[in-house]
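Trainee: What follows is each chain in one-letter form.
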Amino acid sequence: MTPIRKLGGFALSLALLSTSALAGEIVLNSDQSDPAPKKAMEELIADFQEAHPDITVKWNNFDHEGYKSAIRNFLTANPPDVAAWYAGNRMKPFVDAGLFEDVSDVWEENGLNEELKSAAASMTIDGKKWGVPYTYYQWGIYYRKDIFEEQGIEPPKTWDELLAASAKLKEAGITPFTIGTKALWPTGGWFDYLNLRVNGYEFHMDLTSGEVPYTDPRVKAVFEKWAELVEPGYFIENHAAIDWQDAIPHLVQGKAAMYLMGNFAVATMKDGGLEEDQIGFLQFPQINPDIPMSEEAPTDTFHIPAGAKNKEDAKKFLAYLASPEAQTKMNKTLGQLPVNNKAEKPEDPFLEAGFEMLSEAHALAQFYDRDAAAEMAKAGMEGFQEFMVKPDKVDDILERLEKIRARVYK
Amino acid sequence: MTEAVYQKRVSRRPNRLKLAPWLFLAPGLLMFLIYVLVPIVESFWISFHDWDGLGAMSWIGMGNYIELLDDDTFYVSLWNNLLWLVLYLLSIPAGLAVALFLNQNVAGIRIYKSMFFFPFVISQVVVGLIFTWFYAPGFGPLSVFLEWLTGDEIAILADERYVTYGIILAGLWPQTAYCMILYLAGLNNINSEQVEAARMDGAKGFSMLWHVILPQLRPATFIALVVTVIGSLRSFDLVSIMTAGGPYGSSQVLSYFMYEQALSEYGYRMGYGAAIAVVLFLIMMVFITFFITRMLNQERNT
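Read top to bottom, the protein sequences are chains E and C.
With my numbering as the guide, the letters of the first sequence map in order to residues 1 to 410.
With my numbering as the guide, the letters of the second sequence map in order to residues 1 to 302.
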């Protein structure tokens, strides 16, 4: 044996040694820094280890905001075996850069194509699955039931009814809608829903994947509907100065009556002093009866980085995460909806309403800032915010967005 | 033999004299090279590329700069940086005024001095938050006062007309404190004989300040100017905390714009961010060159 060969043999045995040391351990990076998600995650890991006693999970929990930049570093420098991220175009940069592992086989082997059907489209890029979704939540209009009753308003089902209800509230000195646009993304909810109702899900996907110019008359039509609420002053003033949480006191104090938000806002409303029977949930009203109703349901997911060392056990983890039992338990703690359609339905009235709405939905959109490319999303939502302050500048805004679209999706 | 050794020693001595300073400088120079010079060169290099920080870099020459010239946000940032530069300088006279006011011997003056210095000690993030609440529509003291005064609610941080001024005002608070400390130190070193002499010649009030005190404070003024100008161009923390460049990008400054393009959740355009960094660097270089030549001239003259 030549010295070189010896060295090679030594290196090989060392490599074998290190993998055997690693077998049975998976490193998991995620950003469940809030109390409820953290607890859900702890339970999930404990249950998984019980079901697979030969595998231990080493969990690195990151701060929610810091995670977004940390993931870019650790995926290339020191990839874990499992990493948390989001569905839709949000995961596309990592898929394109070859940093995520194709997990279509996990879907195949565990019958996930059936059980996770509602989220299958948003996990697919180039015909392959790139991760496993475990939770989502609905968006919709949360309203003050008691105020509606006082004013004799029925929950609106169509756009005209919504306008009539808004006019009535405004007359009574109540601003119809509260919103806080400082962090920009709440504007995306409004644009998405108007777009989903005016043009439909397919158009939403075409627009967010950059195939339609922003100067298209169909985009303009969305803003025309939006202007019907902005121009009469149906949104609270100075919304650009406040965050989404700061918009809730308006609702609690009865200065505003409706809030287009994700279901997570209910907890904050209750903390603010609203009773459960004061809060109502309604689906965003229909605008064009020919367009099937689609909804927003941002989905949280887990992925296997391409550089993971223990992919075999990581896949076992994803399979476990996808199971109805795991999703039922996790989402009970999270207060959100399980993606697996065999999982138990939640008991919370708002989640129940959301579950029903989402199961009848034509399609699920992720959210403007997850479906559109990140750069486009930022510029787009800045434009939406500007529109909500200066609706007459709509043409300038759309031209600017079109310029950015042409560059981002070249 | 001894002669030769002596010769060698003598010939080595100048070498030692040449070498020693470099040895002492080496650690500092190495740090400077690694953490300052190399990143500057790298920024220039990256600014000629299209790069998302993950994939391959592709050379686009001046592409980023051409795009920058066509970017409205860039001009908004430049204009806001100019506003910052000009208005931030107000902290120098303000600092001087406070320093003159506090430069007296009354009981407890140290407490007053430290209270005036306090805003500089606390983090910029805290300053930003305090002012955000101060301006907050609905419950902020200023907004309540303005509503009482004008009958209209004005949300300073949500109004593109006032937002940059609002942030600069928040920035002036700690910066004034800093200038004040510089001037207080300077006032301690005032030559009392000159003041006496001036008083004998009948100098009083403003003419005393202008002709006798201020010339003696020139070193302090110079440092205050340097720090304030550089600080105004680096304004980042307050913009980030108070508005994140909003509403709709109207309070952007170059440093935040760079961060947003290169490093924020929505950006990761390293090349474009680097191009902004280069522009900011060149603007700063104008001032830095001016300051350094002045400093060198002064050293040479004394």
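Rather than coming from a laboratory, the hints here were simulated on the basis of the structure.
You may find that some hints are simply not true.
Claimed, not checked - Listed below are the simulated SDA-like cross-link pairs for lysine to any residue, each with C-alpha atoms no more than 25 Å apart in a straight line: (1) Lys255(E) x Ala221(E); (2) Lys393(E) x Glu67(C); (3) Lys128(E) x Gly55(C); (4) Lys403(E) x Phe74(C); (5) Lys255(E) x Phe145(C).
Trainee: Go through the numbered hints given earlier and state which of them the structure violates, listing their numbers in rising order.
Mentor: 1
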